[in-house]
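Peer 1: Whenever a hint applies, use it, and build me the whole structure from the sequences.
Chain residues, written in single-letter form:
Protein chains: 2
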Amino acid sequence: MSGQDQCERAIGGSLVRTQGVTAPSGFRATGISAGIKASGKPDLALVFNEGPDYAAAGVFTRNKVKAAPVLWTQQVMTTRALRAVVLNSGGANACTGPLGFQDTHATAEAVAKALSAWGTETGAIEVAVCSTGLIGDRLPMDRVLAGVQNVVRELAGGLTGGAEAAQAIMTTDTVPKQVALHHDDSWTVGAMAKGAGMMAPSLATMLCVITTDAVADADALDRALRHAAARTFDRLDIDGSCSTNDTVLLLASGASEIAPSQAELDAAVLAVCDDLCAQLQADAEGVTKRVAITVTGAASEADAVTAARVIARDSLVKTALFGSDPNWGRVLAAVGMAPVDLEPDRISVSFNGFPVCIDGAGAPGARDVDLSGADITVTVDLGVGTGVGTVRTTDLSHAYVEENSAYSS
Amino acid sequence: MSGQDQCERAIGGSLVRTQGVTAPSGFRATGISAGIKASGKPDLALVFNEGPDYAAAGVFTRNKVKAAPVLWTQQVMTTRALRAVVLNSGGANACTGPLGFQDTHATAEAVAKALSAWGTETGAIEVAVCSTGLIGDRLPMDRVLAGVQNVVRELAGGLTGGAEAAQAIMTTDTVPKQVALHHDDSWTVGAMAKGAGMMAPSLATMLCVITTDAVADADALDRALRHAAARTFDRLDIDGSCSTNDTVLLLASGASEIAPSQAELDAAVLAVCDDLCAQLQADAEGVTKRVAITVTGAASEADAVTAARVIARDSLVKTALFGSDPNWGRVLAAVGMAPVDLEPDRISVSFNGFPVCIDGAGAPGARDVDLSGADITVTVDLGVGTGVGTVRTTDLSHAYVEENSAYSS
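Chains A and B supply the protein sequences, listed in that same order. Numbering-wise, numbering that gives the first Met the number 0 puts 230 at position 231 of the first sequence, and it's gapless, one number per residue. Numbering-wise, numbering that gives the first Met the number 0 puts 34 at position 35 of the second sequence, and it's gapless, one number per residue.
Among the clues, some could well be false.
One side only, chain B facing chain A, incomplete, derived with CB under 10 Å [stated by the list, open to error]: (1) C356; (2) H397; (3) E402.
Keep in mind that the hints were calculated from the coordinates and are not lab data. Built from N, CA and C at the ideal position, the CB exists for glycine as well.
Peer 2: Here is the structure:
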């Protein structure tokens, strides 16, 4: 489902990509260059919730190897409230041992102290930390701590720089990703995200901060976020590699004084997450094709998603799509390994709506389907039930190999 | 373990790669060009067991989508005996429906009839069929059936052309793969194999015919083959994609009149399979690095192999190795997703024997390890038990993408 379709289904709202986390009332954000990246590009962002509410929810990587900021933020989220999120690119602070965790803690402390000095009494336990970049190296903490002072000073200056924040969390991303949904009932959901590689569905596969000025408690936020993540980030699979740092946070300020129904909140958060997924897919490392793998006729929705994911991860399917080659046999070979109910002789496959395989055997003209466009839909009907699910992926291109072999990232 | 090491462990035998399936007494083989391949290259091979014994064993793809020749040969193997194996490249005869199965059956019938005419009374149920090539198209049966006449005529001429047979089963392979182990006790195991892509461990991931002149019944052959396959083909993973056509057959003629012990047979078959795996790995599609991933300290051998396989399939690990980049963080991120017992803070990693990560954090000099050679060993110690396992893989290179996107294969 495209962001546009999703938007139309969302009750009375419209999506704009020119705004992000500061679109809702009650949020400030900015991004600066703190010198963490050798390139001097922006690398430190802060999102600040002015209230009056501070309810929050979060979902995190399912990788057993979790970065220090993930371990810290999971502790913070036990309070189900957040005043601020500090995010850095230029280093993942993953696999850095106890000292790396101390670095994350010190960063949260520094943010809390600087915000308190600015007149907003804040404790470190109210500050989430997100990091992204190369795994395995300690962060340059002198630069991080000096950067924290600067980024809070900028924020105190009254700037609401959601776009700058979205810029500062980029790694191999080529464009910043942000979106806002303005609900007709005068409340708003805004968000930013980063992520271009090491993306596979495990709750969330990148950094993402979502804000809203709706009045919603932590339970409502948690429900809306899990509902959306399961249908969006969980079904985005660029390279099957799950990051150590994945974090998605949802913060509510309540500043609109409007309390939407759970269904309205669910729909709005889903629309925003869906649009961000489309942006992440379109800017994935080495992407030349945006591919949607839909499995229908599965025994269950879970089976459909599982089968779609197995196809989406298959290197031979992905290289064929890079070559615009309608090599449907590779789709059959891939789905045959999926741990789901299937009957080989009942499987049918379409590329871009054109049937290429019917009941497990080739259809006339199957080798001539035109896959030269940038968008490719692959539909696989298992013919055993009514379960349906879609996974978004990309092709496997020379550019992906180049980007991921030429330097440490 | 290299083929050489393995060889030395095999009791009193030596491996030579200049011979293959016709090295043992009692076997004839040859390969011809039947016109199945548009290129005119050799594409039809026959291996014939002159006896006096005909015991045989086989292992097959675990893919639920099985090619017609696999379905046929699985039926044949219920008799636990084989007189002949006919193999074609130029077409997988997979996903071809009931007509494709009839084609396989007709091929076996034609081989049986031609062999009978030559004076060797043979039934179709004694003839295994193997096919490899593009999935989804019917074979050109007029050429296949004419080729069967020619290949049997060649064989009747008395030629023992194991090398020609190994040549005729190649697809994207650049070199034929064969090996023979001459046991000091005057019995021999010979073999040939093909396979360069769509290789992932699922019993067998290519076509392979192994012959021996030892006296051994079907039980002994089955045990030796499963023992060897589990430790060799099952631990070779080039691209995580399991074929629809994988078949490994082991035929015994008994012509040496020597009956080795089960342990001797196991060791010899293992040595031959291990050597073939090294050959398959070295000629894999797009390979620039031969990579062995060893996991130690796992809770069990099964956990070790599972974890090694997850690392071996990770696109970001494989592209880093292509770039000779000691990016050990990607190894940690990959193993963190393996469904095995592990403690992130107890994981240690070495590249080519050099420690790059100790107890989950970077080791001094880790970024400077030289991975520029063609052979790379990655050792991951989970620190939770005594299980050990190795998976062979390759890097993910531009050549792999090129080979698999440029044309249907």
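Peer 1: So, for every hint listed, does it hold in this structure?
Peer 2: Against the structure, the hints:
1. Hint on B/C356 holds. Least Cβ distance to chain A is approximately 7 Å, under the 10 Å limit.
2. Taken as an interface hint, B/H397 checks out: its beta carbon lies about 5 Å from the nearest beta carbon of chain A, inside 10 Å.
3. About 8 Å separates the beta-carbon of B/E402 from the nearest beta-carbon of chain A, less than 10 Å, and the hint is met.
Checked against the numbered hints above, the structure violates none of them.
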